[in-house]
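One-letter residues, chain by chain:
Number of protein chains: 2
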Amino acid sequence: MKKIQLEESEMPTQWYNCIPDIPNGVKPPLDPETKEPMGPEKLAAVFPMGLLEQEMSDQSWIDIPKEVQEVLHIWRPSPLIRADNLEKALGTKAKIYFKHEGVSPSGSHKTNSAVAQAYYNKREGVKRLATETGAGQWGSALSFACHKFDLECKVYMVRVSYDQKPYRKSMMNTYGAEIIASPSNETEFGRQILKSHPDTAGSLGIAISEALEDAGSREDTKYALGSVLNHVIHHQTIIGLEAKAQFEKIGEYPDVIVGCCGGGSNAAGIMVPFLRDKLEGKKIEFVGIEPASCPTLTKGKYAYDFGDVAQLTPLLYMYTLGHDFIPPGIHAGGLRYHGMSPILSALVRENLVTPSSVHQLECFEAGRLFAQTEGIIPAPETCHAIRGAIIEATRDLNDPKTILFNFSGHGMLDLSSYDKFYSGELQNYEFPEEDIAEATKNLPVI
Amino acid sequence: MKKIQLEESEMPTQWYNCIPDIPNGVKPPLDPETKEPMGPEKLAAVFPMGLLEQEMSDQSWIDIPKEVQEVLHIWRPSPLIRADNLEKALGTKAKIYFKHEGVSPSGSHKTNSAVAQAYYNKREGVKRLATETGAGQWGSALSFACHKFDLECKVYMVRVSYDQKPYRKSMMNTYGAEIIASPSNETEFGRQILKSHPDTAGSLGIAISEALEDAGSREDTKYALGSVLNHVIHHQTIIGLEAKAQFEKIGEYPDVIVGCCGGGSNAAGIMVPFLRDKLEGKKIEFVGIEPASCPTLTKGKYAYDFGDVAQLTPLLYMYTLGHDFIPPGIHAGGLRYHGMSPILSALVRENLVTPSSVHQLECFEAGRLFAQTEGIIPAPETCHAIRGAIIEATRDLNDPKTILFNFSGHGMLDLSSYDKFYSGELQNYEFPEEDIAEATKNLPVI
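Residue numbers (my numbering), protein chains in the order written: chain A, 1 to 446; chain B, 1 to 446.
Treat the hints as calculated values from the structure; they're not laboratory data.
On a predicted model such as this, the values are computed, not experimentally measured, just so you know.
Heads up, some of the hints might be wrong.
A pair counts as met if it fits within one copy or between any two copies, since identical chains are not told apart.
Claimed, not checked - Under the rule of at most 25 Å between Cα atoms (straight-line distance), these lysine-lysine pairs were calculated in the DSS-like manner:
| # | residue 1 | residue 2 |
| --- | --- | --- |
| 1 | 420 | 195 |
| 2 | 282 | 35 |
| 3 | 249 | 2 |
| 4 | 93 | 249 |
| 5 | 401 | 3 |
One chain only, chain A, in its complex shape:
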């Protein structure tokens, strides 16, 4: 069977919170001023209480509201698909399955959390959301979700992606959002950066600062983040929960799960629903793939750091390359982030997730092979997971594994990046090991 489908009635009705299951837990966010754990009240200026409760929850299961389920049903459950044509092309006996999150309206897994976030904001009377976007996938997802729940939406889009991916703007326009390149002249922080770095490609860290400043300065506006935070990871567990049910249907179980890592939400979302099994002794590997140009998990420091450049966020305990690190303008814009989800960071620290880094060119090559064999053109971020899956599938041809990877999004709006790859314009970038001291010299002292 090529595609393993679930009925709508089989879609999970609860999100899974893995934090109670992580052996040493996840350290709380700290208030940058007091260095004390930060309670929900201080965060309530930018997030609705419904999401903050999830962020700090110690319950393993969180009900998915009916209104959210209804919107998710537009495309969920998403199919689990056997990449048997890719297997043949690789000459491997390994079985490769992928969870196809590219079927969502905006084309990626991001929509899963966007719908939930828009819902809780609407429920608490918020009128407008401000956010940032890297490759544009989160911005598109939130634009769609805001339209569904009748909220205004303002998107600060990292300059390099704004220029590389013009169709993302058209998509956000279609959903009625307002989009501006970041750094912009519309925030104090954006103007500062433009003054000191007029030609900057921008970064997620800068765009987050701008969106936070926007949300902090308007009564009617709150902020939404597309990855990193606990509640976002919880929302994305629907991917792994569905995949688990789909594997049960065919009487199989994955030996390895692969996800690409930017802020960590798609990787954690597909992996953590299998975590309890692993902790109970089941043999299963989790592999997180990141770009060698922005190697947060493989070369970063595990420390408290800010989530943004302007130091507006709480301090998060995570792997980081330093909050003022600006990664090279690689085409997987969604992976250009200095930090990493505290949940995923904790799982890496406890050796429950194995991080690995790959280069841009081998990823596009993997993406092209996937498109030619399985038909679907992957997003550059997703190409990283495909590259990871190919490595696992060809590592030892005498020991074929069952591999599951998260096909986080399609690349229909990233084709200009493929053009650059085909014409030989792209290059690899490696973050030098010795640069980590310089990059993290401004880490806050706890």
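Place chain B on chain A using the hints.
Just chain B now, kept in the frame of chain A:
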């Protein structure tokens, strides 16, 4: 239930040939020289016998080869989806369902026939296919299919689409095809046109001539057409056959089926599997929607005409605006064709299909509303079917119908057209009734 799915095992294993069921049949193609019916032997220079047998078949059912089924399983059966969010936005009690053909690798229904055509060519030892493409959907589909069956692929892409939709080229490149803007300097006919009309936007009729010239001039090459011909319609009946099974699953039946009409394959493909029921007295309407700028069915002549500008094809009995008519550069490139499938033409002539024309701007408006409510951004061609479905759903609010339309393809690679719509750059074009005499003055005399 939002999405009605079928298992792979429920995918039809036969295509339906509706010709034996059409009351007065479909007139055969004529040899332009002798004006006599054209046998397969003369067409064998450009088509493989496997497809010619289907083209001329009098059997109602044609087995789908296992090798074709296997590739179709990559995305088929496609979902039938209830557009309940659109219904709500329209304030109608009508039920609107759509068959989502945008889930195919290249993003449209075209892949259904592309896979079949590539298979039969490969089976007969062909090494290379030449084809034309309007909006790029057929070209992408055939590029993908050729890669699956290890054939070379050369695509003549209508100039206006080539310029409007650069990402289509990237997609065809990804699948390993060679693409050139038509008219091109690579064929004798292309050079002629460029000489007389150096600034032409091109047309499907011109691009067909170039691809035919290419195929006719090389031993290793045959030609593939993405619509119009009988065998293409047969391949597309898989859409309607699946839809019928899906309606049976939920115990419903459509009152109206709507499709957009360029060459006729997606409309006929979803409609004709319901034709026998209609002929046996079941109350069901078929509505074919075409652009007012290229109103083949609503203002054309029903006559024998060439399928291309250079008069290389056999004479087809169909509705036509004249083989040398070059439609305005509207953004639904796939609907810019002077002729219409002989099967669909016969169904219109016999009042079994009702044709109707709509304008570009109302179609984009319908497409935006669909995207905002159902999430998925439609191709400009598909916007015509959506506009048609909206007209049916709001025609009489006291008599709510069950409407099925063919969502022929997504618009991820057409977003620049939406940008032009949003910025007010697009306009409507109406083909003046009185121009039909001039347009068809060169119709061959039979």
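A quick look at each hint next to the structure:
When the C-alpha separation of residue 420 and residue 195 is checked against a cutoff of 25 Å, the pair qualifies neither within a copy, at 30 Å, nor between copies, at 33 Å. For a Cα distance limit of 25 Å, the shortest separation of residue 282 from residue 35 qualifies neither inside one copy, at 39 Å, nor across copies, at 74 Å. Proximity of residue 249 to residue 2 under the C-alpha cut-off of 25 Å is found in both arrangements, the shortest distances being 13 Å within a copy and 22 Å between copies. Within a single copy, residue 93 and residue 249 get their C-alpha atoms as close as 21 Å, which meets the 25 Å cut-off; across copies the closest is 37 Å, which misses it.
When the C-alpha separation of residue 401 and residue 3 is checked against a cutoff of 25 Å, the pair qualifies only within one copy, where the shortest distance is 19 Å, while the shortest distance between copies is 33 Å.
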